[in-house]
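The listed protein sequences derive, respectively, from chains R and A.
Using the UniProt record's numbering, the final residue of the first sequence is 280, and nothing's skipped along the way.
Using the UniProt record's numbering, the final residue of the second sequence is 205, and nothing's skipped along the way.
Hints were generated in silico from the structure; no laboratory data involved.
Small disclaimer: the values here were computed from a predicted structure and weren't measured.
Label-pair ranges, simulated between beta-carbon atoms: (1) R:203 x A:95: 33 to 43 Å; (2) R:222 x A:200: 20 to 30 Å; (3) R:199 x A:164: 35 to 45 Å; (4) A:148 x R:90: 47 to 57 Å; (5) A:175 x R:38: 54 to 64 Å.
To give an idea of the chain R side of the interface with chain A (calculated C-beta under 10 Å), a few residues: (6) 76; (7) 81; (8) 209; (9) 210; (10) 211.
Far from chain A, some chain R residues (derived; all Cβ distances over 12 Å): (11) 50; (12) 55; (13) 102; (14) 126; (15) 170; (16) 195; (17) 249; (18) 258.
Idealized CB from N, CA, C, for every residue including glycine.
One letter stands for each residue in the lines below.
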Amino acid sequence: MGWHEFPLVVFTVLAQCAVGAFILLGALILTGRLEEASLRRLNRPMLIIWVLMGVAFAASTLHLGSPLRAPNALLRLGGSWLSNEIFLGSLFFALGGLFWLLTLLDKVSPLLRKVLLGIAMLLGVAFMYATIHVYMIPTVPTWNTPFTPLGFFLTSVMGGALLAQLLLNLSGQGYRLMARLLPWLGALAIVVALGSSVAHAMSLAGIQSAIQSAIDLVPHYQSLLIIRLALLAAVLALWLFALRSMRHQPLVLCASFVLLLAAEMLGRNLFYNLHMTAGL
Amino acid sequence: MTQYGFYIDSSKCTGCKTCQLSCKDYKDLDVDINYRRIYEYAGGSWQADGDTWQPSIFSYYLSIACNHCAAPACVPVCPSGAMHKRSEDGLVVVDTDTCIGCKSCAMACPYGAPQYSARKGHMTKCDGCYERVAEGLKPVCVESCPLRALDFAPMEELHERYGNLAEVAPLPSASLTGPSIVIKPNRNARPVGDTTGSLANPKEV
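Start from the sequences and build out the full structure, keeping to the hints where you can.
Spelled out as structure tokens, the structure:
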């Protein structure tokens with residue numbers, strides 16, 4: 001298995017986790033159940049979301065042969081899904097980051113900030129939608145399947161829920177209803193990920209061109225998939241363990257999130273290695 | 001718009017790769033870049049013939065560059081617009097001053113035409129020798145073929161002279177991108193969608 005698309009692995013996985021966590025925490029903020037003081041306490045560790053987005057975008061430029069020409073990626077906005085993805089991702093980054101900064105500095109009215117938050121959340125959804133379409137290429141039979149949007153969505157849900165849990169925990173708000181619901185969401189997503197990746201692996205048997213079979217693309221695909229699924233099971237175990245034990249909760253949640261990144265990056269790398277076209 | 005295209009006579013082609021090399025020389029390409037690639041599709045089986053078994057084997061060559069498709073897969077995915085279809089001759093060309101080297105076109109093309117040059121930092125591909133074509137010449141690969149198995153002309157002329165076949169194994173279905181090619185099949189050619197053969201020279205393409 002090659003790692004030649006590692007910059008894209010980092011970009012897509014980190015961005016999906018960041019968007020997922022931002023939308024979940026944004027929903028909590030929009031409900032208005034957070035007093036001003038709690039909001040400010042939660043806002044501070046949310047910086048991690050923007051650090052992840054920064055690393056994601058920095059990694060994405062490493063994918064380019066001519067990184068200095070990166071702005072040219074916007075030239076076909078509306079026409080190419082890659083242009084749309086970069087545009088919507090940048091806008092999400094900018095407006096979400098602005099919301100974070102305004103909350104930190106306590107500038108402009110809370111209502112205006114909530115409007116900004118809502119727009120940033122919608123941009124996050126649009127960004128994820130564009131990423132999916134970048135890979136739904138009709139001439140690439142191994143990517144142009146419902147497993148691509150499902151896999152990307154599950155990364156957002158699993159990574160987003162765990163990251164949101166960690167951020168709530170870091171701000172001392174692990175008692176909230178949302179913090180108690182997040183493990184259920186994560187567990188559900190992980191179970192769906194287990195089932196769907198097995199179904200996906202079996203579906204590969206039916207994809208072939210005259211000179212290439214999908215099942216021959218990645219040697220030891222099944223073993224690597226089992227490693228990923230074992231990592232995801234460990235993620236869930238650590239997550240639940242962290243919430244049951246009272247001590248070192250942020251540390252154990254952090255370890256769980258690192259394992260989740262490893263599992264999803266392995267899974268995403270398998271995805272990129274499954275590239276083949278309908279022809280030569 | 002005149003749509004130019006290639007004629008590929010797979011019944012004559014011996015897989016000598018002169019076309020590939022003349023192109024490499026003319027375009028000064030690196031070792032790992034081939035604007036024209038020669039695919040050898042081979043296979044075979046045994047047939048019972050009374051008390052004996054007879055082999056039925058096939059092996060034939062397809063010399064494929066860029067097919068300058070009517071609906072190219074590489075163009076819509078390009079985020080910079082560097083990959084474009086020229087309005088004057090229908091040739092699909094990459095603007096090397098705009099390309100960011102994201103390789104999206106290479107991911108989408110089912111013929112392996114756009115290739116990334118790590119040395120240059122951008123995509124490269126067959127441009128149909130459009131400068132030669134504008135002077136009334138044919139692309140270098142066509143003129144170099146010792147078997148006279150390649151031709152290049154407006155598609156109407158190629159259709160009139162050689163027919164309409166644009167797909168045989170191991171090529172993808174022509175309905176995907178509308179390749180601007182006409183193929184004269186080898187007598188052992190397998191229809192598109194065939195999976196009984198295999199690529200006999202994977203390291204050469």
